[in-house]
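Residue numbers (my numbering), protein chains in the order written: chain A, 39 to 429; chain B, 39 to 429.
Honestly, the hints are just simulated from the structure, not real lab data.
Take these hints with a grain of salt, some might be off.
Identical copies go unnamed one by one, so any copy, or any two together, can satisfy a pair.
[To be verified] Below, simulated DSSO-like cross-link-like pairs (lysine-lysine); rule was C-alpha separation at most 27 Å, straight line:
| # | residue 1 | residue 2 |
| --- | --- | --- |
| 1 | Lys273 | Lys369 |
| 2 | Lys165 | Lys369 |
| 3 | Lys273 | Lys418 |
| 4 | Lys377 | Lys62 |
| 5 | Lys165 | Lys377 |
| 6 | Lys377 | Lys63 |
| 7 | Lys273 | Lys63 |
| 8 | Lys63 | Lys176 |
| 9 | Lys176 | Lys377 |
Protein chains: 2
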Amino acid sequence: MFPVHDSILLPQGFRAAGLHCGLKKTADQYDLGLLLADQPVPAAAIYTQNQLCGAHIHVCRDHLTRSNGMVRAVLVNARNANCATGQQGIEDARNCCRQLAERLRCPTEQVLMCSTGPIGAPLPVEKIVTHLDALLAKATPTGAMDFARAIMTTDTFPKGVHGTGEGVAVTGFAKGAGMIHPDMATMLGFLLTDGKPAGNVPALLRTVADRSFHRVTIDGDTSPNDTLILLASGKGGGAAAATERVLTDTAQQLARRIAADGEGATRLLTVQVRGARSEAEATLVGRTIATSPLVKTAVAGRDPNWGRILSAAGRCGVQFDAARAQVWVGKADVYSGGKPHPENEPVAHRHLLDDRETILGVDLAVGGASADVWSCDLTKDYVQINADYRT
Amino acid sequence: MFPVHDSILLPQGFRAAGLHCGLKKTADQYDLGLLLADQPVPAAAIYTQNQLCGAHIHVCRDHLTRSNGMVRAVLVNARNANCATGQQGIEDARNCCRQLAERLRCPTEQVLMCSTGPIGAPLPVEKIVTHLDALLAKATPTGAMDFARAIMTTDTFPKGVHGTGEGVAVTGFAKGAGMIHPDMATMLGFLLTDGKPAGNVPALLRTVADRSFHRVTIDGDTSPNDTLILLASGKGGGAAAATERVLTDTAQQLARRIAADGEGATRLLTVQVRGARSEAEATLVGRTIATSPLVKTAVAGRDPNWGRILSAAGRCGVQFDAARAQVWVGKADVYSGGKPHPENEPVAHRHLLDDRETILGVDLAVGGASADVWSCDLTKDYVQINADYRT
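Just chain A, with the same shape it has in the complex (with noise of 0.2 Å):
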């Protein structure tokens, strides 16, 4: 449902490489990807929650602070986690840095690096030192796809977004499929601009991600690897607002991929809320219907389900009162004025039959204020995916 280009391009002064380490099984899989500024930039990044911590966040953490938040290159492996293996994850994560740091003659500290994929086995380093090399020789302005593809784990196709409007040139790249959830939003996400941030990167990034990654659901767990990375060159024409407005539209964009690409998906699923006292209830109520496994199994059962709809919107503590409150599915009008429309649920029933993307709306009736929130539905192949992951 989405395009997947080739080769997408990239905003000027940044090159990107993907290739396979061995990592992954077979020669054709990528699994180590690299972002190359052409000179140091302002960066930032927005981590995981989780109390467990994957090795590569404490080493970004100690780096963007010895930095001054600049940062030259991003490393990334897949199909190894690097977490939950103590300190010496820490340090192979560190040396990784190093020998990339050490190649490009820039300080360690301006080198970050992620990885992604199981938890627990001790991190390949000798696979991936070994090949910076070729990593260096492939990092091109024209990479940005092979480097989408190196960070895929579960995804079924590679996310690279490019985007441009009023002199802003936006790429960005995501990988999720799973354990996804606010927030973080996604397993790993990656944004390079030649925009310029009103205040600082830092703050950019969030006001971005509040609007695009942290929107996303797919089942309610976060990852303890989670990690969003924000690259601003600032080099571009553009002004601080059309950076911020085109890095939003990147990011939503990168986020919908990864809804529509949830483990075992055959829907996107975008829930509307309207009518709300402010933004963050908005939002409340719509990851709690993206959320409930309810109203995901009838999504996935092609099953107009108004009556779960509101009781998701009901159980997350928003006041409202449900028989001012409407509820859409498509186009249809299937509950309002306190009572169910069944006359109108055929015309609801064929647009979770036929349409990719299914949209669920409620109206709150308390204010204005309004969200959208991504995610997908809830199928076996899901089950399946999750059962079977490590056998």
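We have chain A already, so just place chain B on it with the hints.
Coordinates of chain B only, in the frame set by chain A:
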């Protein structure tokens, strides 16, 4: 895995009944139940926290207030939730209470009613009212399991438990299956005792529920109709402390049955949290693990996936050091001292394969408090049941 008796005892002074009034499809399926006290007895109720409330909850609240917490009878119907049915639904429920009260020659407010089943259809009052005489005629001290059968919806076995000790008798009933989560943890639960509370009946019920029904989760969804009712006649010879103990034990037995009978479940999942700062934190960690789709699918896949257990514990906001925590599956230590123990996984795997009750445990190593939480595995059958519910 639990014994289902044809008949269980009721405490002195209580009778029960169940019959088919035409709500479920076939005549052998009971769908109308009655709990009857010989005289009005002190009672309390806990309801769903959902903003969307079934009509019976409005009526129960009103009746308990007006009767000063004295209850003569509880009427229960299955196969219709009488929820999202507006003012008419409330009048329908009140009418059923009134009709029963007239036959019992007691005030209407001494009769409570509960409904469970699909949301949104008008309550078939006529079918219920025309069967009240037959229901009263059937009410006997041996009718407990008839009542337990009458309140079933997607339950695969009736849930009635009789407990005694230190001069106190308790009989409890529950219906569960899906849409189950703290608070409330059961769609419908009923506790009858001849014991005395130390303080008032509502405080006793809250204490008992916090250690039983509020520690069950099936899918994180709560029903708009969840209700737990306690009738405590105080007519027996047991002391207050004994009453609380026997009630808690009986309620925990019911909670475990609800978890074991979760929709599509093949395993009762008991999550043991130890070494927490407080019982509240232990319960929060337990609930988070027990709600995690990744943990629950791992149990379905018989995978001793300690990483998902530790990761779920890590995301609920409770502070602990993952390097000092311990994780066990059955009797097998699968993670401690900051690293996994793959050599113990075969023992863990056998536990998952062979035992109907799966034990997952985590020691947070930050204090001395503990809690057990009950849930079940997440299987393809859960998805099947809930995708096909209305079709």
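Hints, verified against the model:
1. Lys273 <-> Lys369: neither (44 Å within a copy, 59 Å between copies)
2. Lys165 <-> Lys369: So Lys165 and Lys369 fail the 27 Å test inside a copy (53 Å) and across (36 Å) alike.
3. Lys273 <-> Lys418: neither (48 Å within a copy, 51 Å between copies)
4. Lys377 <-> Lys62: between (53 Å within a copy, 23 Å between copies)
5. Lys165 <-> Lys377: Between copies, since 22 Å is at most 27 Å while 62 Å is not.
6. Lys377 <-> Lys63: Answer is between; shortest inter-copy Cα gap is 25 Å, intra-copy 55 Å.
7. Lys273 <-> Lys63: neither (40 Å within a copy, 71 Å between copies)
8. Lys63 <-> Lys176: Intra 21 Å, inter 68 Å, cutoff 27 Å: intra-copy only.
9. Lys176 <-> Lys377: neither (61 Å within a copy, 36 Å between copies)
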